[in-house]
Amino acid sequence: MSENVNKANRTFTDRARDAVQSFGLPRMIIAVFLLVLFIAAPFVGADFWTQVTNLFNRFSWNAVLVLAMVPMVHSGCGLNFGLPLGIISGLLGATLSIEWGFTGLASFVMAVLIATPFALLFGVGYGWLLNKIKGGEMMIATYVGFSSVSFMCMMWLLLPYHKPDMVWGLAGKGLRTTISLEGYYAGVLSRFLQIQIGKLVIPTGALLVFALLAFLMWAFLHTKTGTAMTAVGSNPTFARAAGINIDRTRMLSVVMSTWLAAVGILMYEQGFGFIQLYMAPFNMALPAVSAILIGGASVNKASIANVIIGTILFQGIVTMTPTVMNSMIHMDISEVIRIIVSNGMILYALTRRTEATR
Amino acid sequence: MNAPLLELKNIKKDFFGNQVLTDINLTLNEGEVLGLVGENGAGKSTLMKILFGMNVIRDTGGYGGDVLLNGQKVNFASPFDALAAGIGMVHQEFSLIPGFSATENILLNREPQKKSVVSEVFGQRLNTLDRSAMRKGASDAIEKMGVEIDGEMVINDMPVGHKQFTEIARELSKEQLKLLILDEPTAVLTEREAAALLDSIRGMSSRGIAVIFITHRLQEILNVCDKVVVMRDGEIVKDVAAQETNVTEITRWMVGRSVNAAAASHREPPESDTVMSIRRLWVDMPGETVRDVSLDVRRGEILGIGGLAGQGKLGIPNGVMGLYQAGGTVTFEGKEIPLNAPRKCLDSQLAFVSEDRRGVGLLLDESLEWNIAFPAMQIQDKFLKPLLGGLIKWRDEKAIADVTKRYIDELQIRCTSSRQKAKELSGGNQQKVCLAKAFALEPQFLFVSEPTRGIDVGAKALVLEALKKFNRESGVTIVMISSELEELRQICDRIAIVSGGRIAGILPATDSSEDFGALMVSQVV
Amino acid sequence: MSQNNKKETSAVRKVLGFLGANSVPVMFILICAVCIPISGFSPAYLLNEIVTRMGRNVFLILSLLIPIMAGMGVNFGMTLGAMAGEIALIFVTDWQIWGIPGVVLAMIISIPLSIALGLLCGKILNMAKGREMVTSYIISYFINGVYQLVVLYMMGSIIPIKHSTIRLPRGYGIRNTVSLLSMRQSIDNLLAIRVAGVKIPVLTFLIIALMCLVIVWFRRTKLGQDMRAVGQDMEVARDAGINVERTRIISIVISTVLAGFGMIIYLQNMGNMPTYSAHSQIGMFCIAALLVGGASVDRASIGNVFLGVILFHLMFIVAPSAGGKITGDTMIGEYFRVFVSYGVITVALVMYETKKRRAKASLGEQLRAAQQEGE
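Chains as they are written, first to last, in the working numbering: chain A, 1056 to 1413; chain B, 119 to 643; chain C, 2 to 376.
Hint data in this document are derived by calculation from the structure and do not stem from the laboratory. Given the structure is predicted, the values throughout are model-derived calculations rather than measurements. For each residue, glycine too, the CB sits at the ideal point set by N, CA and C. Check each hint, because a few of them may be wrong.
[Unchecked claim] Below, in silico cross-link-like pairs of lysine-lysine (PhoX-like), each with a Cα-Cα straight-line distance of 25 Å or less: (1) B:167 with B:296; (2) B:262 with B:296; (3) A:1279 with B:541; (4) B:296 with B:254; (5) C:223 with B:233; (6) A:1187 with C:356; (7) B:292 with B:254; (8) C:357 with A:1189; (9) B:578 with B:130; (10) A:1279 with B:516; (11) B:523 with B:541; (12) B:292 with B:262; (13) A:1356 with B:541; (14) B:191 with B:127; (15) B:511 with A:1279; (16) C:356 with B:281; (17) A:1189 with C:356; (18) C:223 with B:292; (19) A:1279 with B:503; (20) C:357 with B:281; (21) B:511 with B:523; (22) B:523 with B:586; (23) A:1218 with A:1228; (24) B:500 with A:1279; (25) C:130 with C:357; (26) C:130 with B:541; (27) B:281 with C:223; (28) B:503 with B:516; (29) B:539 with A:1356; (30) C:223 with B:232; (31) B:516 with A:1356; (32) A:1356 with B:511; (33) B:254 with C:223; (34) A:1279 with B:462; (35) C:356 with C:15.
[Said to hold, decoys possible] What follows is a set of in silico ranges between Cβ atoms, one per label pair, in the way DEER data are often shown: (36) A:1213 with C:180: 35 to 43 Å; (37) C:38 with A:1387: 44 to 52 Å; (38) C:327 with B:236: 48 to 56 Å; (39) A:1168 with C:244: 53 to 61 Å; (40) C:196 with B:293: 53 to 61 Å.
Construct the entire structure; sequences and hints are all you get.
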């Protein structure tokens, strides 16, 4: 009780300290590191606005994949290490859309539409599995992702694709490892309403699509069902006592996550300009996981703000370290820094006591 | 003259100002068997924790008074010190490694070892175990106990009674053992096993080992103990030789207290029709098994359900509300309510305030608003704004804030704001939030389970008053489950006593404590 | 009569139970039985390959047994030991110490590295009780980053590397492949004998046999007993006075050190070292092999290791060729075996988790049955 009184009398500095504490030390370090990189950039000859443009671009490629983490975290399924499963649905959508002759913006829209039933199907299966193994989600999710990626490696070879743009030239069958999207949906979103001020280029369309999805996510979490989902993640027993069907709620979150991953990979491809098949989706889960953690999420709490901050910080480091660090110490250690930072962040989150007090 | 084996002098203990033990004095001689009885919360287990040097005592500020062992003052820094001094304790929960044999468990971390060259170099933990010495040590202990169990059997494959005996054998295998504390050891035993245990207690006593025997089965105490110590409200109310007393007397000492305000606010029990009838209910709630309960609840009454811990009183609401696996039939307002489906109960306008506040009752990481509004929102679509012609059910933050503020005022919940997180509140205020959550559902029927457990006196009175008001003003039928008989007698019309997973009897709240006490121990398992 | 029936059904149930409990090895035997004839390899060739691969892999897989005993699940952090072994080999190669002395020296150098990494890993895992596996899996990625930092950037610039043959042309960092020709199969070839055309690396097998004996002995020590106790119930073990945290750390350290040795044995057999990828795959293959042998996340024996190596590598050898014969594309077989490796781990993890949940549920079933009997 006295604690409560104290709380009311808190000064501004106390609140500020609290804010820093809740922001977390590792996040602080990463944010400061990024800030230093930005400040240092002009001194080592990297153009500031080019850097910012890069950041905008990378953000627009990756943000939806990071957003895909949110539903499963909310429903208490933990970090979605099984992201590759959703990515595969997206890849199926992408390749089928091209195979069936769609081009330009239509190929993107069709890719999303075709990917949707796959994502629903995979999501339901995946959700069913995760409901059977509550408590062990993260490890199994990882391996479900891996298994599905390696299974699809066979399928990319075996499925009867014929479009010359996509299959190996000599054999006339089997998809290539990298497929160029030139003429299809490369940049269709980022070029839409693109803003150019000097060297700064803003991929408005892609950002708008992310904003729309993020808004929908935010709105969903404000509905009755969304509220139930958060409660299931916060305390499943409470939710059950309040008459919530836990398995169904978790299943819904997994399906949402999987679908967002499918859309996320399509967004990534439209920015990047290529479809990457075979083992490429393999390690796409870890960057998304660490991005949302860097953004301030924990194993069972995540918000849209976490997604945005996390993607900016993570992608900032990915884009800035090569240019700045290389010029400074003449070594390209950005890749290594990325590995250490992202996995270090995941380790940090895993070793902290789950923030839910039960 | 020889000092007694154990002497407790003026032992006092409080948990954050809440006095749980006052001036406990006790002596125990070698080979003596002491039966310790008392209602739940009488302070038995706290006393034993002090004796056994448990960390929780030190973490909460230690205790007052002296513990003397053979005339020497002792103060154990940890259970290991207590063990070294010759005190052994068998807890209610088994402390056994499931995949190990009885032998391995009996000698856990005290295994006889053989040295080898490797262990000389790398340290003692690389000694090999001396299996034959282990077998011998374990069988010696089993023999000492006098109950036959298979030393090679793995714990997982054992009947529950044998697990209990394995624990006892483990204590007996300790050479220095002088005093053994048995905390409700017969609760899990069959009748035959219990009889065997009593024999083995006599055997220990003849070997000079003193035993403190805690149980609710009073007859056992009379059969085996030299003296009986009765505790009530943190005090020893009676310390008497076992031959000089009987079950009725002990029961009276256990529950009997000056009957004061209890009956003050009593009204004539409403003579009305049955609103809920429970038939042959069984509930599989660990530690609170309900075996065969049939019970009728009258419209508009407050029915109390009392009984000792572990007898199944908590299982009744948890089973009816679908939180634990249950069977039997429950009819509410003439309609049968399906079991094992929380949603169906809530849809029928039943509500439940769980005894497990932190586990079931609250979303600790969410705001009070969420906690209070959540069930009503999910079950009855309250606090929602339909958007797009009802396609989307949007959370109505303002309505939620309003209802929360109303209950904060009504129940005097102390908090900084309605958006404060539930985990930041004190126990009493958390309990009020749980009540508010149930009230917000505007139920016709309310189960309240242990509403005053672990909260301070002021909050207690408030909670009880709120329940009473809810019953009187909204005409809601309330079934309240509590371990505290006096509390039940304060607000209930009738009180059912559960014993051994069955209803032992239903009495008007005005009946004497002794009658209730007799019911409580009538079918104890 | 009815008793007879009961016996029969119980026998059937036993067989089904056995198949259910060992479904992974059974599945693998079936896969191998189908693929071997299709692949068209001669039995002698297969036998030779299996013997070689046993010598190469068994030691590594043995390193997984001790953390399983201590209840910490499959140690994905064994790659830490593998990295320690690789760093040791880089040094030994640079110092140009050849043959057996080189191998032995590498093992000695790997010990302090492995212990340091094992301590770190153990400490972190103690902070993440209940999710050891996913944590150790992320640790392996994390340390992989540190490993790259050290090997790719610090070696040659901060840590002296003399010989340009292993250095990258730019002056620092180690090349993508380090040739271990100087010590290639030095253990395998010593005392090797040929039986009917199959080369048997006797010394390697002796080392493995010795290691198995050590593990058997270890289980009988006080420390081994403590680990089993900690593995089954940490709280009970703690109440009995066992230092739980320390015991867990020791189990990880032992595992890491053994993995370091195992990696050195593995690489001396291969004869060259893919500096940046050797360790990342080895963890997955070892774990898959162990699980194929019928081990589960909480139970593994030496028998599982040997059965697993034989079945897993048999599949590994025949899959590409069998896949090629069936589909006309050898890549299919390659992908198939990767898929099977991951699939096996997935299935084993799922089985472990469902078993854990079933155990909880069956407790309730028992209670209910008892009550109904009472009624």
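Checklist line | Distance restraint between residue 130 of chain C and residue 541 of chain B, which requires alpha-carbon spacing of 25 Å or less | finding: holds (23 Å)
Check: Regarding the pair residue 356 of chain C and residue 15 of chain C, is the alpha-carbon distance no greater than 25 Å?
Finding: Within the cut-off at roughly 17 Å; holds.
Checklist line | Restraint status (C-alpha distance of residue 511 of chain B to residue 1279 of chain A at most 25 Å) | finding: holds (6 Å)
Next item on the list: Given the hint that residue 511 of chain B pairs with residue 523 of chain B, test it: the Cα-Cα distance must not exceed 25 Å.
Entry: holds (22 Å)
Notebook entry, point to check: Going straight from one Cα to the other, do residue 223 of chain C and residue 232 of chain B come out at no more than 25 Å?
Noted result: Given that 25 Å is the threshold and the Cα spacing comes to 9 Å, the pair holds.
Check: Does the alpha-carbon distance linking residue 1189 of chain A and residue 356 of chain C stay inside the 25 Å limit?
Finding: Distance of about 12 Å is within 25 Å: holds.
Check: Straight-line Cα separation of residue 356 of chain C and residue 281 of chain B no greater than 25 Å?
Finding: Given pair residue 356 of chain C, residue 281 of chain B holds - Cα atoms ~23 Å apart, limit 25 Å.
Next item on the list: With a cut-off of 25 Å on the C-alpha distance, tell me whether residue 1356 of chain A and residue 541 of chain B pass.
Entry: Holds, at roughly 16 Å.
Notebook entry, point to check: Does the structure keep residue 539 of chain B and residue 1356 of chain A at a Cα separation of 25 Å or less?
Noted result: holds (14 Å)
Next item on the list: Quickly compare the C-alpha distance for residue 223 of chain C and residue 233 of chain B to 25 Å and report which way the hint goes.
Entry: OK: residue 223 of chain C and residue 233 of chain B at ~10 Å, within 25 Å.
Note to self: Between the alpha carbons of residue 357 of chain C and residue 1189 of chain A, is the straight-line distance 25 Å or under?
What the structure shows: Within the cut-off at roughly 10 Å; holds.
Notebook entry, point to check: If you draw a straight line from the CA of residue 1279 of chain A to the CA of residue 516 of chain B, is it 25 Å or shorter?
Noted result: holds (15 Å)
Of the numbered hints given earlier, the model fails none.
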